[in-house]
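Enquirer: Each chain, written out:
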Amino acid sequence: MIRVYLDANIILAKSAGPEKEPRQFPQAEEIFNKIKNGEIEAVVSPLTLMEVRNALRINHGKETTILAGMEKSQRLEYVIKTSEDDYNAILGELIRMGDKVIFKVKKNIDMNQILDDAMEIVMSIRGKTKSYRDCKKCGTDNVNYIGFKSLGTDDALHALLANEMDCDQLLTFDGDFNEIKGNPKIGSLDIQVIEQRF
Amino acid sequence: MNYQLTENELLILKELIRKIFENYNDNKNLTKISKKTIQKILYKLNKKLSEGNPIRNTIPFYWFLAGPYSEKVDAGIIAMKSEQVLLPANGIYEMYMFNPDLIHSRFLDHDASFQEAREIISQEVAQMRGFSNLQLINDIYDEAPLLFYPTYKSRFLVYFESFCNYYLEQDDNLSNLFSENDILESLEKTKLSLPSDQLFKKFNGIYQDFVLIITKVLNYNRKNDSEFLTVLQSLGDLANKVWNVFAYGARILEHHEFYEPKVLMWNEMFTDQTLQLEEAIRKTSLLVTEVLQISLDRKQDVIKSLEDKAFKKKLAKLVGFDKIPEYDDNSFTRLTGIIQSRIKTKDFDSVELVRETREG
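The listed protein sequences correspond, in order, to chains H and L.
All residue numbers for the first sequence refer to my numbering, where the first residue is 5 and numbers rise by one.
All residue numbers for the second sequence refer to my numbering, where the first residue is 947 and numbers rise by one.
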């Protein structure tokens, strides 16, 4: 049975469901079916959990209509409370999946080595400049701008962590991971960037 | 063996064996003697008879699986059994009684050469008073022409078989008489006593691999694992196989001239057996590596599982559980869309959200 490291976007896509996440949900569902049937063993690292938590906060922070109707002092509490409820619900179900989902593989992980390797990986990737026609952060369309894009430092950390946690594969929806595929620092880890359905 | 004795040879053997039984009965009040003991007493006789004594040619020996062995003596015992001179008796080994009607009648007149034999038999049997068959064997092995006989068969193999029985029979009443160190020390001594003759060159080479396997297994520190017991079973068989092959070579080096016509055939058998042993050792080596690695991996998995459990306990508390909840198959279904109703944003995009998290 292969051991698979799950990226945060897979957990979020499954938790969001088919209506809210139609592009990524089917593949996420397929992955969790494989976990359930014992075809693969899933690893959810503490780094992934932190990202799920923060992604939920960012998402609730985008609820501008609701937040606008609140007192300024209540907004942060709302974001933290709603995202915390979401996170606890997700984590509770992941824990109930028993040995099919692993959170910790080793007692000690050599973080110094991981950081050294991550630095080398990030330094070795040049990245690219890209023209954008809309802003994914604020949602504004037709705002032509040019930006620099490269492998995120966290992406390198995930790949190295997956390798350190004896995973055979890293599954993600994020195409940025393509840049790290086959890098000698990640050993035999197979990075699979899953195609989005639409 | 199917050797055809001459009439005179059979008469000499009958009389020699009768004398053994007669002395045994007189000295020890024992009426039963094993075939192996008869062989060994006659071997001692052969060694002590003066050079020109013709009886020596009636009892020619070679060194084989259980020490000195004579095909002529074996043929004599079979003939005596069929003539009901020897009567089968109950016992762990192949035991015989001498026909009570014949035990006091000589099968031939005792000339000078027989008188010498008679005296030696009397001395040997008298010296054996109180000795067990095992002690007689050890006694003979200690004087063996090849040092490997006592070091391997009388010591290492005895120690190792006792060790195997202790673990394989899982009997608490069976005490483990020999420690791993005892066995490894005895194994080291067998290496020093391997025959230096060119004939054993290949055997000696593969024997080093056998020593490595035994050392690896004895140093393994989880001896109650089922994997370890599987390996131990195979090793017990292999240790006996090693002995058999050695014995096939030993008789080529240590035999009476009577067996000279058989040496060519023995050589072929030894070569063949050595090749088979090489293959058996290679396979066992692979088995040992594979099986013990599985056991180590399993141990690693247990450690991983414990680490994960401890961390899950911590996470469970953060979520509000008192302890780690039981496995629930429905959790996979419940996770689907668990936050769906709480998502108020228009375009929920998991990939972009995580990217934003990473970008800060």
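Hints are computed from structural coordinates only; laboratory data are not their basis.
It is possible that some hints are incorrect.
[What the hints assert, rightly or not] In silico lysine to aspartate or glutamate, EDC-like type, Cα no more than 20 Å apart, as pairs:
id: 1; chain 1: H; residue 1: 104; chain 2: L; residue 2: 968
id: 2; chain 1: L; residue 1: 982; chain 2: L; residue 2: 997
id: 3; chain 1: L; residue 1: 1292; chain 2: H; residue 2: 183
id: 4; chain 1: L; residue 1: 1255; chain 2: L; residue 2: 1268
id: 5; chain 1: L; residue 1: 1290; chain 2: H; residue 2: 75
id: 6; chain 1: L; residue 1: 993; chain 2: L; residue 2: 1070
On a predicted model such as this, the values are computed, not experimentally measured, just so you know.
Enquirer: None of the hints should be skipped; say for each whether it holds.
Expert: Now for the hints, and whether the structure bears them out:
no.	hint	verdict
1	104(H) x 968(L)	78 Å, violated
2	982(L) x 997(L)	25 Å, violated
3	1292(L) x 183(H)	30 Å, violated
4	1255(L) x 1268(L)	14 Å, holds
5	1290(L) x 75(H)	19 Å, holds
6	993(L) x 1070(L)	12 Å, holds
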